[in-house]
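Residues 1 to 573 (full-length UniProt numbering) make up the sequence shown, in order.
Simulated from the structure, these hints should not be mistaken for laboratory data.
Relax, there's no trap hidden among the hints.
Here are the computed distance ranges between Cβ atoms for each label pair: (1) Asp353 x Ala25: 33 to 43 angstroms; (2) Ala70 x Arg116: 47 to 57 angstroms; (3) Phe177 x Pro44: 28 to 38 angstroms.
Fair warning: this is a prediction, and the values are worked out from it, not measured in the lab.
Heads up, the beta-carbon is just placed ideally off N, CA and C, and yes, glycines get one too.
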Amino acid sequence: MTLRQAQGPTGEPQGPAAKDLGSRAARVRGVLRLAQPPIARFLPGLIWGVLSATAAVSLLAVSGWLIVSASIVDSLVPLSIAVVGVRFFAVSRAVTRYLERLSGHDAALRQLATTRADMVRRLIPLSPAGLGSTDRGRVLAALVDDVENLQILPLRVVQPLAVAGVVALGAVGFIAFVSPPAALTLAVCLLAAAAASVGLGWVFGSRAEALVSTRRADLSAALVDYFGSLDVLLAYGAEEQARERVREADAVLRRLVARASLAQAIAAGVVSAVAGAASVWALAAAAPGLATGAIDGPWLAVAVLVPMVVFEIFGAVPIAAASWRSVRSSAERIVDVLPDRMPAELRTDDGEDAEIAGTPSLRLRGVRANWPGGTAALAGVDLDLRPGERVLVAGPSGAGKSSLAAVLVGFLRAEGDYRIGEREAAALSGPALRRTIGLCEQSPQLFDEDIRQNLLFARDTATDEELRDVLDRVGLGEWVRERGGLDARVGDRGALVSGGQAQRIALARALLRGFPVLVLDEPTAGVDPDASDALLRDLLAAAGDQSVLLISHVAPPAGTVDRVVRLENGRTV
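Based on the provided sequences and hints, a complete structural model is requested.
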């Protein structure tokens, strides 16, 4: 049963017949913009970061000046201001660093929550029909791993680059007052380090970093397939092959991560080497000034020591470049899995959110529908379901029976005349439609919770007495009591219950929800043929006065349905 309250789409329809309103690159930029916190929230962390880096540079500069000055003067009284400065910058560096982390992570995590919610809002209108054959593992990787990775955009890309840029410019300007030749040397070394480290990181690591996100999705898909099909794999002796697929995906991912890490290590080594060279060259450039009196010993120490701490801060630049490639790859994966516009074949949810009183009739005339991508689902269906009636929709596999169910609950857009009572279905919102028509799917979703919680998803205000009553109605009362009551677990996706028991739990949820119309899609799929008749009798009897559209390729027991409608090739015959 689907208890989906879909949100509205985030844009105009997109599909083979829809207008393309934006390129893939533009949509990637949109995801990246969404991942970056607004300036008012991001600015405090950036300011604290600049102050923390400035305090670090100032601490080393004042300390160096103080040590050299103390070695050449007889009294420490003139140095008292510098002593106070060392203490001040030491304390302020720690405080501002803490505030930078606090503000920066607060902004990034708040924006991550916004981004994740936006991704889910985009997914809801697409599910289930819009996802088509998209691998569940890849969707999971996009929603979890790739969205999680977006938080490093403000933390490891934007903020470090801004802080490094501001501090580098400030340090070069400050050293220019001390020794212009040393300042020129520092500027050249910074530019050379940036070009070399970023360039080498790109050469050695860009391909690996771009593939990490994709290979992580492959590993996620392999794990989901493995654990989701473990019972079948064990039954047919194919578990080892599936496990080998997981091992291969993991090995590929580990090699890519190792290669990306090696590229970052090479870039960091370049920065460290240039940092040492910068101090040596600064000494060589500023030392002649001692002979001319242009600079004294304490300030020479400052000119030599400042490049060391500046390059420590500047070391974030190659890491930021690598992080940018990783973030962009994640954004591209998200765009590929979760397009931000609805396929034209899906129904939009912009209709009236109206309540339909009583049990309405359903009337379909010449209804057609397509799956996303243009695959025909229905080619002309005529159907009537009167209040309280039981109608069987029969037909061979591929005839369009499940497509009809998807149209009835609004998962696919219907063309033709589809009415609920006196209202056109197209004029109703998706939530309004699904409050009226409940779908018990062929493979109902059971959560790894107890029976109570699986029922409360339908109506969270239901009492235990109501839950026991509805379980009795669907023929599960005695079974639940034998299992220990409502606290009995059902396992991951219902692993601890049989197919028939899963269908009964799904029907119990539908009865709790109180849908006027029920659509039962292949309720006997996966059920022992000897038990299917009993299951159908119990399901139809439990529905009471509700209208029921039974979709099945198995004939129900005699006298349980009022009429039979047959589908072939998407048409009623």
